[in-house]
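Residue-level listing of the chains:
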Amino acid sequence: MSLAASVAVARGPMTVGLDVAVADGEVLAVLGPNGAGKSTLLRVLAGLLRPDDGRVVVGTDVWVDVAAGVHLPAHERRLGMVFQDHLLFPHLSVTDNVAFGLRTRGVRRGPARAAAREWLARVGVADLADRRPGQLSGGQAQRAALARALVGDPALLLLDEPLSALDARTRLTVRAELRRHLADYGGSTVLVTHDPVDAMALADRVVVVEEGRVVQAGTPADVSRHPRTDYVARLVGLALLPGTGEGGTVRLEGGGRVAVAEQTAGPVFVAVRPESVALYPSRPDGSPRNVWPARLVAATPHGSTVRCELAGEVPLIADVTATAFAELGLAPGTPVWASVKASEVAVYDR
Amino acid sequence: MGGRWAAGLVAVALGVAGCGGDDGAAAPGGATSSAPDDGPSGTLTVFAAASLTDVFTDLGGRLEGQHPGLDVQFNFAGSSALATQVVQGAPADVFASAAEPQMATVTDAGLAAGEPAVVAANVLQIAVPAGNPAGVTGLADFAREELALAVCAPEVPCGAASEEVFAAAGVAAVPDTQEEDVRAALTKVELGEVDAALVYTTDVASAGDAVEGLDFPESAEAVNAYPIATLTGAPNPDAAAAFVELVLSEEGRAALSGAGFRVP
Amino acid sequence: MRGRREAGVPAPLLVPALLAVAFLVLPLLGLLVRAPWSELWPQLSSPAVGQALRLSLVSATAATLVSVVLGVPLAWVLARSRIRGRSVLRALVTVPLVLPPVVGGVALFLVLGRQGLVGAWLDEAFGLTIPFTTTAVVIAETFVAMPFLVISVEGALRAADARFEDAAATLGADRWTTFRRVTLPLVAPGVAAGAVLCWARALGEFGATITFAGNFPGTTQTMPLAVYLALQRDPQAAVVLSLVLLAVSLATLLLLRDRWLSRAGAAA
Numbered sequence: 001m002s003l004a005a006s007v008a009v010a011r012g013p014m015t016v017g018l019d020v021a022v023a024d025g026e027v028l029a030v031l032g033p034n035g036a037g038k039s040t041l042l043r044v045l046a047g048l049l050r051p052d053d054g055r056v057v058v059g060t061d062v063w064v065d066v067a068a069g070v071h072l073p074a075h076e077r078r079l080g081m082v083f084q085d086h087l088l089f090p091h092l093s094v095t096d097n098v099a100f101g102l103r104t105r106g107v108r109r110g111p112a113r114a115a116a117r118e119w120l121a122r123v124g125v126a127d128l129a130d131r132r133p134g135q136l137s138g139g140q141a142q143r144a145a146l147a148r149a150l151v152g153d154p155a156l157l158l159l160d161e162p163l164s165a166l167d168a169r170t171r172l173t174v175r176a177e178l179r180r181h182l183a184d185y186g187g188s189t190v191l192v193t194h195d196p197v198d199a200m201a202l203a204d205r206v207v208v209v210e211e212g213r214v215v216q217a218g219t220p221a222d223v224s225r226h227p228r229t230d231y232v233a234r235l236v237g238l239a240l241l242p243g244t245g246e247g248g249t250v251r252l253e254g255g256g257r258v259a260v261a262e263q264t265a266g267p268v269f270v271a272v273r274p275e276s277v278a279l280y281p282s283r284p285d286g287s288p289r290n291v292w293p294a295r296l297v298a299a300t301p302h303g304s305t306v307r308c309e310l311a312g313e314v315p316l317i318a319d320v321t322a323t324a325f326a327e328l329g330l331a332p333g334t335p336v337w338a339s340v341k342a343s344e345v346a347v348y349d350r
Numbered sequence: 351m352g353g354r355w356a357a358g359l360v361a362v363a364l365g366v367a368g369c370g371g372d373d374g375a376a377a378p379g380g381a382t383s384s385a386p387d388d389g390p391s392g393t394l395t396v397f398a399a400a401s402l403t404d405v406f407t408d409l410g411g412r413l414e415g416q417h418p419g420l421d422v423q424f425n426f427a428g429s430s431a432l433a434t435q436v437v438q439g440a441p442a443d444v445f446a447s448a449a450e451p452q453m454a455t456v457t458d459a460g461l462a463a464g465e466p467a468v469v470a471a472n473v474l475q476i477a478v479p480a481g482n483p484a485g486v487t488g489l490a491d492f493a494r495e496e497l498a499l500a501v502c503a504p505e506v507p508c509g510a511a512s513e514e515v516f517a518a519a520g521v522a523a524v525p526d527t528q529e530e531d532v533r534a535a536l537t538k539v540e541l542g543e544v545d546a547a548l549v550y551t552t553d554v555a556s557a558g559d560a561v562e563g564l565d566f567p568e569s570a571e572a573v574n575a576y577p578i579a580t581l582t583g584a585p586n587p588d589a590a591a592a593f594v595e596l597v598l599s600e601e602g603r604a605a606l607s608g609a610g611f612r613v614p
Numbered sequence: 615m616r617g618r619r620e621a622g623v624p625a626p627l628l629v630p631a632l633l634a635v636a637f638l639v640l641p642l643l644g645l646l647v648r649a650p651w652s653e654l655w656p657q658l659s660s661p662a663v664g665q666a667l668r669l670s671l672v673s674a675t676a677a678t679l680v681s682v683v684l685g686v687p688l689a690w691v692l693a694r695s696r697i698r699g700r701s702v703l704r705a706l707v708t709v710p711l712v713l714p715p716v717v718g719g720v721a722l723f724l725v726l727g728r729q730g731l732v733g734a735w736l737d738e739a740f741g742l743t744i745p746f747t748t749t750a751v752v753i754a755e756t757f758v759a760m761p762f763l764v765i766s767v768e769g770a771l772r773a774a775d776a777r778f779e780d781a782a783a784t785l786g787a788d789r790w791t792t793f794r795r796v797t798l799p800l801v802a803p804g805v806a807a808g809a810v811l812c813w814a815r816a817l818g819e820f821g822a823t824i825t826f827a828g829n830f831p832g833t834t835q836t837m838p839l840a841v842y843l844a845l846q847r848d849p850q851a852a853v854v855l856s857l858v859l860l861a862v863s864l865a866t867l868l869l870l871r872d873r874w875l876s877r878a879g880a881a882a
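Residue numbers (the numbering used here), protein chains in the order written: chain A, 1 to 350; chain B, 351 to 614; chain C, 615 to 882.
Source of the hints: derived by calculation from the structure; they are not laboratory data.
Heads up, a few of these hints could be off.
Examples of chain A residues lying across from chain C (beta carbon under 7 Å, computed) [what the hints assert, rightly or not]: (1) V70; (2) A74; (3) L87.
The beta-carbon is built from N, C-alpha and C at its ideal position, and this holds for glycine as well.
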């Protein structure tokens, strides 16, 4: 069941205006910072919020058509939703939580429970069927919540930050499982997240939402390689530099030039990956074409490396090993030289 | 409840007067009083049955008029509640009860100064809503199941009196409610919620046009005497004596009789 | 360093707390000390006391049931709906809390009495008169006690996470099903606490009852009325009756609490 939605919701001074389309079996990730309007979109799709304008069509069913005065209430929509903090009903057993949606839709208790147990087995928590949600770990609860959302074979699956309440290790496993279940699921999925890793790992397509608008759309690989806003660039850990292509070099809007490996013209973005930036205490010998003086602004541990934020004519992010960081005697305010090979610089049209 | 609050207020008032100092408010005996007429002054506290409210307020005002230095405070409530308060040490000068057993509570505790005097008597009357919609004619109507009827609870004086008149008249009364005091019974007549209630003559007299009173011969079987006494612990015995004297005087008797009491 | 949580009570809390305990418990102790214990059994076994006690328990329980049936939906409206004038409604609902109960009784007369707005019609159309009946006792107690339940349940509803109701809606539950199967179980402890408060208030109700329902042994004389009237004639008996009422209500509350707690424990 495909989804086509176009919604407008006035939210204080901001108006959320988003158009999304999701094909059958496709997973669309809606990525954006807090307050961008992601959850507003999800609540409209779920029927928990009436939009001020727009249409929501799933398959051939019109769920919302403001102009025509159509608004199908939430409980009449064939959908499943997974919330950030699972929202399993604390007074019901895990089985009854999963059977809940079938019971409200008229399935008798026996068959509903049987179907619930089957789904609990599929998500790997069959042994917890008789527990109360309070006795489950975060990962177990989120698995049960996924079973609860999918058991009714919904036309639309809505995932609202499904992994963000989990600890890092659990998130990794549950993400992998979720990926598998989404692959098996035939309907349309909308995943709301502010974690680019979720979007990259789970989605077929990504839309980036900022301040109520779609600012970028594309495949996860495309979006992560070619960010178009600072927000996305920061999310995927790139330094994003707008400029103008002039043959083999780009004149940056903030000043300075970057040598690139291809011929360009007109407005372009230059994206530099942190691991491709090398730092030196003094101007390096030889003749690398991209060398700039800079100053260390901030340094944070990032995996086995240290992520260094640099200020200067060309603002960059550099990942250096802890050893190198120590050898360079880096501290906030330290002047350094930054260098990057032209072949390591991504350039694409704005 | 109201009685206790009132008692508290009186206690506060007394305290304030006492602190006030030089007018001898709380000075026992009043001999040191500097009032020009050398009569009672200060604060006089009278505990009296609720049915005496109108008459006693009037008489108290007259006494204050005769003695400019005197302030008369009243605590009107059910006699039983008042007797309990007096026994528990409430600072009263005079106690006037609506029945003898409650006065006995006080005299038994040795708190009455001298023998209580009977100031008035009250008899029962049938109270009906204005126009007497149910056509009540006499005590026998209290045996009619179809009427809504109120009497006082047997625990309170008017209820005990009611039982006596029913017994004397040979009426098997079927009341719908036994009210906690005579005023509550009267209220139900005023609201038209009962067709008749057995209350005191004085209550009917005070109720105004909403209530009519019907006399009945058996009322003579239960004449309720109102005893009054000054109290041994009276903070202001001179004023207490003056008040009791006024109540028992021709003037006092006339006022009581005007309010529907029988006067001895 | 024992790994035990610091359990001391700071003095600024301890002293007022002890004063509060003394204030609440000493009058009770007074009743216990002064009680003529030899009269206890004769009073307990007297049919009049049994009658009043039974009537009290039955009417307070009925009033609580009525309060739950009507009050929980009202609490939901106050907590969840967006109807206009909700704050005015809430203020009106809490009026019985501040109204002297006797005035409440008179107000009930004005509506449900023989001459009352609704009562006159009931009398004419069906020959029904409410005052001076056990029904009137239940009505008076409900009038005075229901606000306790409404306020308690409204608080529980406000504290409950409304997103569970969203979750239920996405699972196909309409608002009524959501209320029955999700909201109500979630606020069950609040409803229980409110019902207990309501029951206790109804059990002790005096002013509105004696005004609206009158006082007649067997039909409208509840324990508080019996206590009050006993006080007129025999204060000693009144003390004993109070203790009986006290003991029965305490026993009931403890029993309920135990049962309820043990069930909640099994659920957790």
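Do the hints match the structure? See the list:
Of the supplied interface hints, the one on A:V70 is violated, with its beta-carbon coming no nearer than about 18 Å to a beta-carbon of chain C, more than 7 Å. Of the supplied interface hints, the one on A:A74 holds, with its beta-carbon coming within about 4 Å of a beta-carbon of chain C, less than 7 Å. Look at A:L87: its Cβ gets to within about 4 Å of chain C, closer than 7 Å, so that hint holds up.
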